[in-house]
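K.L.:
Chain by chain, the residues run as shown.
Number of protein chains: 4
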Amino acid sequence: MGDFNLKDMPWDGLHEECGVFAMYDFDGGDVASSIYYGLFALQHRGQESCGIAVSDTNGPKRNYALHKDMGLVNEVFNQEILEGMHGDIGVGHTRYSTAGSSCRENAQPLVLSYWKGLLGMAHNGNLINAEELRDELSMTGAIFQTTIDSETIAYLIARERLKSASVEEAVAKACDRIKGAYSLVVMSPRKLIAARDPQGFRPLCIGKRDNAYVIASETCALDTIGAEYIRDVEPGEIVTISPDFGIKSDKSRCVDKSRHGRCIFEYIYFARPDSDIDGISVYESRIKAGRFLAQDSPVEADLVVGVPESGNAAAQGFSLESGIPYGTAFVKNSYVGRTFIKPKQASRQSSVQVKLNALREVVRGKRIIMIDDSIVRGTTSDRIVKMLRDAGATEVHVRISSPPFLWPCYFGTDVPCREQLIAYKHSVDEICKIIGADSLAYLNFERLPQTVDGLEICHGCFDGNYPMDPPTKDIRGDYDE
Amino acid sequence: MGDFNLKDMPWDGLHEECGVFAMYDFDGGDVASSIYYGLFALQHRGQESCGIAVSDTNGPKRNYALHKDMGLVNEVFNQEILEGMHGDIGVGHTRYSTAGSSCRENAQPLVLSYWKGLLGMAHNGNLINAEELRDELSMTGAIFQTTIDSETIAYLIARERLKSASVEEAVAKACDRIKGAYSLVVMSPRKLIAARDPQGFRPLCIGKRDNAYVIASETCALDTIGAEYIRDVEPGEIVTISPDFGIKSDKSRCVDKSRHGRCIFEYIYFARPDSDIDGISVYESRIKAGRFLAQDSPVEADLVVGVPESGNAAAQGFSLESGIPYGTAFVKNSYVGRTFIKPKQASRQSSVQVKLNALREVVRGKRIIMIDDSIVRGTTSDRIVKMLRDAGATEVHVRISSPPFLWPCYFGTDVPCREQLIAYKHSVDEICKIIGADSLAYLNFERLPQTVDGLEICHGCFDGNYPMDPPTKDIRGDYDE
Amino acid sequence: MGDFNLKDMPWDGLHEECGVFAMYDFDGGDVASSIYYGLFALQHRGQESCGIAVSDTNGPKRNYALHKDMGLVNEVFNQEILEGMHGDIGVGHTRYSTAGSSCRENAQPLVLSYWKGLLGMAHNGNLINAEELRDELSMTGAIFQTTIDSETIAYLIARERLKSASVEEAVAKACDRIKGAYSLVVMSPRKLIAARDPQGFRPLCIGKRDNAYVIASETCALDTIGAEYIRDVEPGEIVTISPDFGIKSDKSRCVDKSRHGRCIFEYIYFARPDSDIDGISVYESRIKAGRFLAQDSPVEADLVVGVPESGNAAAQGFSLESGIPYGTAFVKNSYVGRTFIKPKQASRQSSVQVKLNALREVVRGKRIIMIDDSIVRGTTSDRIVKMLRDAGATEVHVRISSPPFLWPCYFGTDVPCREQLIAYKHSVDEICKIIGADSLAYLNFERLPQTVDGLEICHGCFDGNYPMDPPTKDIRGDYDE
Amino acid sequence: MGDFNLKDMPWDGLHEECGVFAMYDFDGGDVASSIYYGLFALQHRGQESCGIAVSDTNGPKRNYALHKDMGLVNEVFNQEILEGMHGDIGVGHTRYSTAGSSCRENAQPLVLSYWKGLLGMAHNGNLINAEELRDELSMTGAIFQTTIDSETIAYLIARERLKSASVEEAVAKACDRIKGAYSLVVMSPRKLIAARDPQGFRPLCIGKRDNAYVIASETCALDTIGAEYIRDVEPGEIVTISPDFGIKSDKSRCVDKSRHGRCIFEYIYFARPDSDIDGISVYESRIKAGRFLAQDSPVEADLVVGVPESGNAAAQGFSLESGIPYGTAFVKNSYVGRTFIKPKQASRQSSVQVKLNALREVVRGKRIIMIDDSIVRGTTSDRIVKMLRDAGATEVHVRISSPPFLWPCYFGTDVPCREQLIAYKHSVDEICKIIGADSLAYLNFERLPQTVDGLEICHGCFDGNYPMDPPTKDIRGDYDE
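Chains as they are written, first to last, in UniProt numbering: chain A, 1 to 481; chain B, 1 to 481; chain C, 1 to 481; chain D, 1 to 481.
So that you can see chain A by itself, here it is in the shape it has in the complex (with noise of 0.2 Å):
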C-alpha cells in the first residue's frame, strides 16, 4: 500500500526535497498539461512549492512561461494557467525544504537566459559542495538570487557553455565540478538534458509516450500521464534528448557500481510504493523488508498492522512471513493538508489523534505486531503505541523496516542532526520502553542490500558511511560593509 501519505504530516517524518518532470513532445504538442500530472504523482516528494516551465522550441529562443509558487500542485495551478502555458518542451518541480529557506524566490524550476538563449532547470538532492562552488563563483562576479543548487549548476553551465561545443557538453562539464546528490533535468531552446550523480543517490528515469520524451524521478510520473517506462537514467549518466537524434547517453562519468550509493530511504519511505527504481519495486523491497523482521525478530501474536501508509507493505511482508494475519488496524484522515492548524501544545487534541484514529473493532482484544518504517524523534510513536492500547490491544510489539537512524543526511533528505536523534542518545531497550512497546526490534543493517537484490546503496544514516566523503565546513571570505 501507498506509504507517501504521511509526508503530508508537516511537523513529523523525514522529508526529501524534489521531485522532477519533465517532457519534449517531438510532434509539437504541448506539455504543460502533462506535467502537470506528472507533478501531481512527485506531489510525495515536495508540497511546499512547485511550478512548470515551457518553452517553444520553434519559437524565439529566449521566450517561455514560468509559473510557480508556494503550495501544492493544485493549488499552484488552475486552469487559466495551465491552458495560458504554451511549449513543446518543459520542466516541472515539486519542492520541499527545511524552515527558513521556504519562500517564493526558492521555487523552481529555475528560468535563466545566458548568452546561448534558454535555459530552464529543476534539480532533487543535495550537492555537498555548493557553498564552495558558490565562493568560487562568486569571486568572479557571480551573484545569486536564490539560494537553491541550481542556480550554481546553472552558473556553471553558463560559464563552461563558453568553452564546449554544446550545452550537453557544458552540462557534462558542470557535473564535473559539482559534488554530491544530483537528480538534474535541463532544457534548452531545443535540447531535454538529464542528468544524474555518479552515486545515483535519487532516481531518475526516461519514459516514452508516442513521440514525446519524459524524464521523471520515480516511473509512477510515467504511469499516470500513461507513458511507456524506457529505462532509468544510469548513475553517472548524462541523457540528452533532441528531435534530431532521439536519445543520446554519455556514460563516461558513470564509475564502478561499488562506488554506487542509491538512497536506502527512498525505497523504506521515500519513493511510492508503485515505483520501481533502478529495476527494483519500491513494494517488493518492503515486502522483504517485512519478511526479514518476521525472520530476524519473530514474536507470536494476533496480527500484523502497519502505520498508514509508510508501514503496511512491510507489514504485509511480515505477515506473508510470519503467517500471522495482517489487518488495517489505523484510518487516516487524508485531509490534513498544508494548511492545517496544528493542534496546540496545550490542547486537547493532539496532531496524531487528528491524524490517525484506531479501528477498535480489529485491536480489541488482541496482540499487535505494529510495523512502522523508521523512528526519527520518536515523538508520535509513543502516542500511535497509547492508541493500540486505549483501542484494546494486549500487547504491542513494535518493529521497524530499517536499522536505527545514527547520523545525519549531507544527500538530500532532512534527517536532523544527531542529538535529535532517539537512537543516538538511546539504547533500543530504552527506545521501547520510550514509546512504551512490549517489545521492539529494528530491521538488521545487514539485510539492507537484501530488500534491494544486492545494489549498492548509500546507509550513511545508519552506520556513518557515506559514499563520498561528507562536506567540511566552508571557509568565507570578508564580507562586505
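These are calculated hints, taken from the structure and not from any lab test.
It should be emphasised that the depicted structure is a prediction, and the values quoted were computed from it without experimental measurement.
Every residue, glycine too, gets a C-beta built ideally from N, C-alpha and C.
Keep in mind that the hints are not guaranteed to be accurate.
As a list, the in silico DMTMM-like pairs of lysine to aspartate or glutamate whose alpha-carbon atoms are at most 25 Å apart [as the list claims (entries may be wrong)]:
# : chain 1 : residue 1 : chain 2 : residue 2
1 : C       : K173      : B       : E136
2 : C       : K386      : D       : D210
3 : C       : K61       : B       : E136
4 : A       : K344      : B       : E228
5 : C       : K342      : D       : E75
6 : B       : K344      : A       : E80
Simulated coverage check for chain B against chain C, where a stretch passes if three residues somewhere in it have a Cβ under 8 Å from a Cβ of chain C [said to hold, decoys possible]:
# : segment
7 : 103 to 116
8 : 137 to 148
9 : 155 to 162
Please arrange chains B, C and D on chain A, whose structure you already have, making use of the hints.
P.N.:
Just chains B, C and D, lined up with the frame of chain A:
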C-alpha cells in the same frame, strides 16, 4: 484503511450531503477550535463548503461569531479566524451539494435572530416535504434567502416557539411537521439541542469531554477531539443539553423499531470505518459483507484486493472467509483535491489513472478478486479492471459489497436518476461484460440486514421499498410578475 | 474637482450608508455590466461592500444570479464573474456601515424567494422604527439572518403581498409601515420598483438608455453609463417599471412640500458635485455656500483654497464672491484605499500627512482662507492648518461651508453621538483656538435653504429639529435561554 | 493641483517606469514601515508592482527580508507582512512596465548575494546599452533571471567589486559602464548608496529624519514620512551613507551643466506637483507653462479649465496670466484601479465617460479653454472635447502645456513609436479637427527651458535631439539549440 477517501474524487461515486458537529462547554471554554477538529474528522461527509458558528452563553443573547465559505475545513479556516471566534457553545457543518445550489449563500451553519434571541443550526439529511412546507410558510409571509432545508426548519421552530414553553418544545413541534431524513443540531442562547428523524436515516451521537457535551454525525469525530462516546441519539429522539439539567431526552416521537430505516449505505460506504453507528461498527459491517460475498459468490483465485479505500475492509472479510490471501493492488494519490483540474476527455490522462495506479509486483500473473463497494454508473469500474489486466492479472473477478442500485434516494444521498444507473438498464451478466471482468457478483439483498446485526435499515435504493412514502411532486401557485 | 474622495479615508469624516442602482432592459439585454459601471460611479456612497443581483424576466421565476462581498466594486467583481451574470433586470448596491455590523452577511442586494417568486432589493437610508418592526414580525414567526433594514422591508412586502393585488401594491403597503429614510429599489420577476420616503431624505432618480430604464441614487451614475436623465423619484412616490406599461407612478403617499426633508449634507458633502438632486446642482449649491461665507464672514487674504476634494467648490464660490484668487494648496494622494495600513499613533507619519501635502510654492508668504465642508471631531483640522503654516502661510483663516454639527443623525449618516462632536462641547472661538486658525467661521444656519433654492431640507444635525420624530428606545421582551 | 491621478487609468496616457525609496536609520530602528509610506507617496510613478527589502546592519551579512509582488502598495503589503520585516536599512520600489515583461519575476527590489555579502537594489530609468552589457556579461558566463536593468547593474557591481576597495567604488565603476537614465539605490550590508546618471534624467533626492537618512525619487515622499529635504543627488553624483562617515559624495562623474538632460516630462506630467526637482517646483513650472500658453496663444473665452489632474496647474497659470476665470469643469472618479474592468469597445460605456464627467452647471453656455498636459495618440482628447460640448460649452479651445510629441523616448518613459504619435502624422490644424476643438495650440518649444528657470533638460521627444546618442540595435550571436 478507511473508505472515505474516494469521495474527494469529485467526478465519481456517490456523495452524502453533510456532517454536523456541535459542542457546549459548561466550563465556559471556547469551543471553536474543537469544532474545527471535529469538522475535520467529518470532512468526508462534505467537501464543498463548511462553517462554524459560536456564541457566548453569558453574553448578549443575539451575539455570535460566524464564519463559513466554499472549500475544505483547512481552506476556509485559518489560525486568525479561529482565534477570533469566542464562545462556549457552537455548531459546525461540512457540506456537499449537487451542482446548481452549490453557492456561498447555501453554506451552513445557518444563524438567525428571532424573537427569543439567537438560533444557530446545522443539518444533515433531506426533507421530502420541504417544498410543501416552504409553500405553506410562504403563504403566511415567509421569505427564503437560501434553498437549504435548515431555513425551512428554522422558520418552523421560530413559529412554534410562539406557542411553546421552551425552545426544545418548539424544535419538537417543528419535527412533527418535517418529513424525511434529518440529523439536526440547534443552538439557542443557552441550550444545545439535537434531533434525529424517527427512521434514523442519518447517524447522530453524543459525546462528552470533561464538562463539555458534544453532538456529532459520527463517533470518529469524538475520538478526534478526545471526547468519550456516550450514546447515539435515538431515531426520533430530541436531546436538550444545558448546564441547568445536563442532558434531557424527549423520546415521545420515537417509533417502533420496525419502522426504523437507517441508511445502509452509511455502513457500506459513507461513514468512516472507525465510526460506530447505533452500536454497530462500520468496519465490522464491511468485513461481514465481504465474508458473505465469499460464502455466496466464491471463486478460485490467488489474491483478494480492495478498490481503495472503500473496498478494502470487505476485501479483508472476503479473504478471512475464503482463505485467499489479501493484498494491496493499488496505490491511490491522496492529493487529488477540490481544485484539481480534471483531465480533458481528449487528453491522454484519464481521471482514474491520475487517481489510482496498480502495483505490478503484486498483480502480475495472478488471478485477482477485486472488491468494490458499489457500481453506480459503471464508468470507472471498466478502467480499474483494465488497469489490473495491464498490470498482468490473468483473471479479474469483481465482487460488489452491496446489491445493485435500482432506485433513487430521497433521503440525503445523490444516487442519480434510474436512467443513469447501470444496473437499471443492464443485467449482471451484461454489466460483467461492460466492465470487462471474468465474473461479477453483488452482495445478495437478503444479506444486508445481517451485515448490521439485524438493525432495521432503509434499502430503498436496492428494492424501491422506502421506510416512508417517497415525495410526490409539489404543485405551486402562480408566481409574481 | 469633486468632493467625494475624502471618504476613502477610512478614519476620518462622515459616511453615508449606501448607493443603489437598478436597471431593466425591455430589449432583453444583459444589465450586469451597466450596473457595474453604475455602482462604480456611486462608489463614494459606500466602500465597504457591494453587490449585484440580476434575473432573466423570461426565465423561471425564481432564477437569478447574485454576487456580493466585502470590498470596492473593482475588487469584488472581475470579468469572469460579470460575464457569468445573465439577466435583463437587476439591482446593485454599494455599502458603508459602522463597525460591528460590517460583515459579508450584511452585504446587499438582498435576494429572496417568497410565494410569488423572486425579490431582489437594495436600500439606501435608515429606518427609525426597524427594531419595532423586527419585534413585531418576530412575534409572528419571522426569522432574521442579517441586521439590515432591507430584510425587514422584504418581510413586510412578502406579507403585504398576500393581501395585495400586485407586488407594487405590496411595496406601497410596506412603505406605509416603515418610518425614516429610504430610497429603495426592488426587482420582482417582471417588474422594477423604486420607492422614496415621503420626506425624500435620500436622493433617487430615473434614467433611460434606449429601451432600458435605470434607477440610481445620483444622476452622475446615469451619465457614466450614457443614460438620459428623466426625472427624480419624488419624495413619497413609488414608481413601477414594466414593459407592459412603461413607467407607472403612485404618488398617494406624497406629502405636502412643507414636510419634505432632503438631507442637506447630500449637497454639502455626500453627493458627487456632478449630480443634480431634485433639480438642484450639487456643485452649484456648494458654490453658493462659498459665496455666502464670503458675504457673511469676509476676511482680508491673498488666496482662497479648498481642503480637497470636498472644500474645493465652496472655495471657488468664496473666491468668485470675494475677488480673492482661488488656488490649489494641497496635493491629495488618491491611492489611499480600503486596505491601507493606518500609521500607528506612535509612528512619525500622521494619517493626514500621508493623505495630503501642501504646495509650498503656492502657500509661502500668503494669507490663506481655507475652506472645508465641515468639522466633526476636529481631529484633522488642526493638522491641516499646521500643514499650511509649515508651508509658509502667514495667516490661516478657516471657513466651513456648513453650520456646526450639534445633533446626531438618525436618517442614514454616521454623525457620531453628541459627546464626540467638537461643536457640542466648544464655542466657535474655542474651536478656532483648538485648530490653531487665525479666524474661524461657519456657514450661517439661515443660509442653508438658500444654497438649494429654498427646497425643504432636513437640518436636524444642526438644530435638532428633524422632519419626523426621532426614534425612542425600543423595549424588547425576554430573550430565549 | 495633483496631476498624478490620470496615470491610474491603465489604458491611457504615458507612464514612467519607477519610483525608488531607501532609508538607513543609524539609530537601528526598523525602516520597513517608513518605506511603505514613502512608496505610497511614489505610487504615481508605478502601479504595476512594488516591493521592499530590508536588512539588519548588525545581523549576519547575508540576512534580509524581501517582499514584492504585482499590485499597488496597499494591495501587496498588509500589517502582518510589514511587521514581520525587521531591519534598519532598506530599499523600496514601485514599478510600471510595458506589457510583456510585466511579471512577478521582474518586480523590484532585486536582492542578491555576492562574495561580499548582500546587495539590495532598486532602479528608476532605462539603460540604452543594457543589451550590449548583457551580451558582454553573458559571454563571460553571466546568467539572467529577469529582464530588468537592475540585474545587469548588479552584475557590473559584483564584478567591479572584485577590483575595488569598497562597494561604493564598485558602484561607481559600474556607473562608468552603463549608459542612459538611472536613479539607483543600493544597499550593502553596512552602506546605503545612491547614484544618478550624469545627465540627471530622473530625479533623486536626499532627506533626513532624526538620525535616519532617506533617498527618494521625489521630495513629496520626504514630506509624507516627515523627513527634512537635504538636497538633490546631483547628476553624475554617487552618494554613500554610513554611520561611519555620514554622507560621502563622489562627484567625479559629474559633467558640465551643458550636458545635463533632466526629463522635462517629469515637470510637465510625471512628478507630483508638490515635489521639487533640482530646486525647481514642479507646480511652479506648470503654472509657468500655463502662463506662456496664455501669452503665446491667447483666445477670448469665459473660463479656463484643466483636464484633471495633470492639466489643472497649467490651467491656473493660464488664468492668472489671461485674467480669464479658472473653473472646474470635470469630476474624476478616483476609484478606477488596477483591476478595473475596461468597458468593451461595443458597449455603451466609454472609458472616458467612466473616468470623467463634466459639470454641466459650470460649462453650460460658456466658451471654454481646456488645458491638458499632452496629446499622445489623440484617442481621448476628442471624447473630452465632446463631453464639454454635450454639457453645453459653446466653444472649446484646447491648449497643451507641452510641445507636440514627435520622437520616441529611450530614457525611461513609454512614449510609443512614431507611427502611433498623432503629431507625427498630422499637422496642428489637422489634430484640431480630429479632436473637434475650435482652436488648438501647443506650448512653444522655446518656452520649455523657461518653465524650469533655464535648467538643462532633455527635450528629445519634441525635437529628436537627445543629450546622448540614442541606442543602435544590438546584434546578437547564435542562440543555443
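K.L.:
Give a verdict on every hint.
P.N.:
Hints versus structure:
Between K173 of chain C and E136 of chain B the CA atoms are separated by roughly 22 Å; this keeps the pair inside 25 Å, and the hint holds. At roughly 20 Å between alpha-carbon atoms, K386 of chain C and D210 of chain D fall within 25 Å of each other, so this suggested pair holds. Proximity of K61 of chain C to E136 of chain B is assessed by CA-CA distance (about 18 Å); at most 25 Å being required, the pair is judged to hold. Proximity of K344 of chain A to E228 of chain B is assessed by CA-CA distance (about 20 Å); at most 25 Å being required, the pair is judged to hold.
This hinted pair checks out: K342 of chain C and E75 of chain D have alpha carbons roughly 14 Å apart, not beyond 25 Å. Among the hinted pairs, K344 of chain B with E80 of chain A is consistent with the structure: their alpha-carbon atoms are about 14 Å apart, no more than 25 Å. Proximity of the segment 103 to 116 of chain B to chain C, defined as three or more residues with a beta carbon under 8 Å from a beta carbon of that chain, is established by the 8 residues found. Given as covered by chain C, the segment 137 to 148 of chain B passes the check, having 9 residues with a CB less than 8 Å from a CB of that chain where 3 are the minimum.
Coverage of the segment 155 to 162 of chain B by chain C holds. Counting CB-CB distances below 8 Å, 5 residues qualify, and the rule asks for three or more.
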